[in-house]
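Peer 1: What follows is the residue order along each chain.
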Amino acid sequence: MTVPSTPRSTTPVARAPRVTGARRHRREDRAWRIGGRLATILPVVGFAFVMIVLAVKAWPAFRVSGLGFITHSAWQPGNTYGGTQRVHGVLIPQGATYGAWPMLLGTLQTSAIALLVALPISIGTAFALTERLPKWLSAPLGFFVEILAGVPSVIIGLWGVLVLGPFLSRDVYPIVANHLPNVPVLRYFRGSVGYGEGLLTSGLVLGLMIVPVIASTTRDLFLQVPPLPKEGALALGMTDAEVARRVTIPWVRSGIIGATVLGLGRALGETIAVAMVSGSVLGTVAPNVYGTMTTIAATIVTQLDSAATDGTGFAVATLAEAGLVLAIISVVVNLLARTIVRRAGRMAAPVGRA
Amino acid sequence: MSVVPASYPSTRWRRAKVGLFRAFTILALAFVIGPALWIIGGVVVKAVPGWRWNVLTTLSQGTSGGLENAIVGTLLLMLGVTVVAGSIGILTGIYLAEIAPPTRRGRSSGAVVRVVIDVLSGFPSIVLGYVGYVALVVGLHWGYSFLPAVLILSLMVIPYIAKATESALHQVPTSYREGAEALGMSLGYGLRKVVVRSALPGIVTGLLLALAIAGGETAPLLYTAGASNTLPSIAPLHHPVAYLTYYVWTDWNQPMASAHVVSYDASLILIVMVLTLLVVSRVIVARTQRHSESAR
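Residue numbers (the working numbering), protein chains in the order written: chain A, 1 to 354; chain B, 355 to 650.
It is worth saying that the hints were derived from the structure and are not from the lab. Every value quoted in this text rests on a predicted model; they were computed, and no experiment measured them. Hints may contain errors.
Example chain B residues on the side facing chain A (calculated, C-beta under 10 angstroms, incomplete) [said to hold, decoys possible]: (1) 400; (2) 406; (3) 513; (4) 584; (5) 585; (6) 588; (7) 592; (8) 625.
Quick reminder that beta carbons are idealized off the backbone N, C-alpha and C, glycines included.
Let's have the full structure, built from the sequences with the hints guiding it.
Peer 2: Quick look at the structure:
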């Protein structure tokens, strides 16, 4: 943000004493500009490098598996110590065949559950912190949102698998599973509840992890809603629940949607916590919401070790293909969120303070 | 005489909805505070019975022993991220907020950088870790070591630091820049002495939060930093670096009870580190807010 230079005055005034070291200042300016430009180029180069490496690494796997990669379910590393075969010019272990459908579905399912859980909690929390609670209480309580955002995902995973999962599968899931009627949708909540590692637990843990993303943005958005429309609505006789539903939320709706999509992006890419609580079972789709499964990100982190033992490199290439699918989904989701948030920002900005 | 339409909700129902709404907001907040306390409390409850202070000063033996190497390794990685991501991220933020020349339509240039930063900030960390593994660890023969780990972690947190820097700079009043220019300061001198200095608390806060994220990451480190039961070496290449999250991730489901203790101890140390960073950043924010309000 440079300030436009004012036209030089024509009336003769006392000349300011010449700044000593003007050359040094010019040099410093140039250093700032060049340094800044270099620094901004580096993340772009890094991102391009990541995408290129992924694409190059995934190319052999793409030639073998084709688009069927995302629709097939088999996950067979083949005989890594035996013979090899050549498929479409790529050397792969005998019998190796990979399909990412179960983990792709698992990624989408867990993220969907996470959104369903996180969105109401986030909006409720944002209301509690901005409108319901007195300031001396909301400031310290709001800190818990930051704590939740800061807890390392491996610790949330540890808690999920050691504490939350066993608790839910012992005390909560059986009640739900035994009392729901056998009708569409709810049918998926019946049946064996397992040991707490699986789709629903992963979704709940993910939901908890994206609550801070959505809640902190929503809280900031609510604070930007000018008081006059809210007061006007109250003066017209609306209750505070109606003000929330008819004034506050519509005022920042697209911002909330943007934050939610941002949270979705986080949920799609979350790795360690899901790897710990999903059960990490490859190649199968969970039969009900308690079933064990895996996601793309969790598969990469749990399988890369053993994939490296594939002498043909096909297993590592396959993980690159999986990573590329995840990366593309993530980029699309993030761009979508960005577009929505930007539009929301443009619409909200001129309104300003009433 | 007004006619109340039949569809108009009854007062009792509206009053009930107010109650439901208020209960819903408090319940939602409880679903944030409850799990946060539950997680921290759970770690403390599991770690404290087996806690020995010499964990901090003895080396790990994998599934038993101390965590000195992991603590030093995590701190070293955070230091590396501070240097690499801190300098690049802060410079990027300053460039985007202050230096980038405005385009003809009046918007600041650097649109591509902004898009990339937004995309990177939500990018799956394991994919970055995978690329670090195939390209740096294997491709460039760097081996599991310090440099690839720091580079990948930095790529991950640069967006956070850049965004925090940019928004901290946007909160500096324009009059500061005008004042600096009116006093005849050059752009760089004014940035250094006036603008960046008054945005410094916000920048430091962003940096601390990025460090908390970097220190708690596992996925990008597993295949770049490797694992080691010795103190990290000075060499940036070919020598694996130990870090705390590794021991949480590998030891929790080992059969030995000693491994569980290592896992819980590492969790507790991580939680303490993260909470310290959060509290410090919070204190910085609170202090500067108090100052800015008294200055007004």
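Peer 1: Is the interface hint satisfied for residue 625/B? The criterion is a beta-carbon contact with chain A at less than 10 angstroms.
Peer 2: Where the cut-off is 10 angstroms and the nearest Cβ of chain A is about 7 angstroms from residue 625/B, the hint holds.
Peer 1: Double-check residue 400/B for me: the hint is only fine if its C-beta lies closer than 10 angstroms to a C-beta in chain A.
Peer 2: Result: holds, 7 angstroms to nearest chain A Cβ.
Peer 1: May I ask you to test the interface hint for residue 584/B with respect to chain A, counting a Cβ-Cβ separation under 10 angstroms as satisfied?
Peer 2: 21 angstroms, violated
Peer 1: Using 10 angstroms as the Cβ threshold, decide whether residue 513/B counts as touching chain A.
Peer 2: Interface hint status for residue 513/B: holds (7 angstroms vs cutoff 10 angstroms).
Peer 1: Hold the hint about residue 406/B up to the distance rule: shortest CB distance to chain A must be less than 10 angstroms.
Peer 2: With a minimum Cβ separation of about 20 angstroms from chain A (threshold 10 angstroms), the hint on residue 406/B is violated.
Peer 1: Less than 10 angstroms between beta-carbons is the criterion; does residue 585/B satisfy it with respect to chain A?
Peer 2: 22 angstroms, violated
Peer 1: Grab the minimum C-beta distance from residue 588/B to chain A and call the hint holds if it beats 10 angstroms, violated otherwise.
Peer 2: 25 angstroms, violated
Peer 1: Do the numbers back the hint for residue 592/B, that is, is its least Cβ distance to chain A under 10 angstroms?
Peer 2: Result: violated, 18 angstroms to nearest chain A Cβ.
Figure legend: structure checked against the earlier numbered hints; hints not met, in rising order: 2, 4, 5, 6 and 7.
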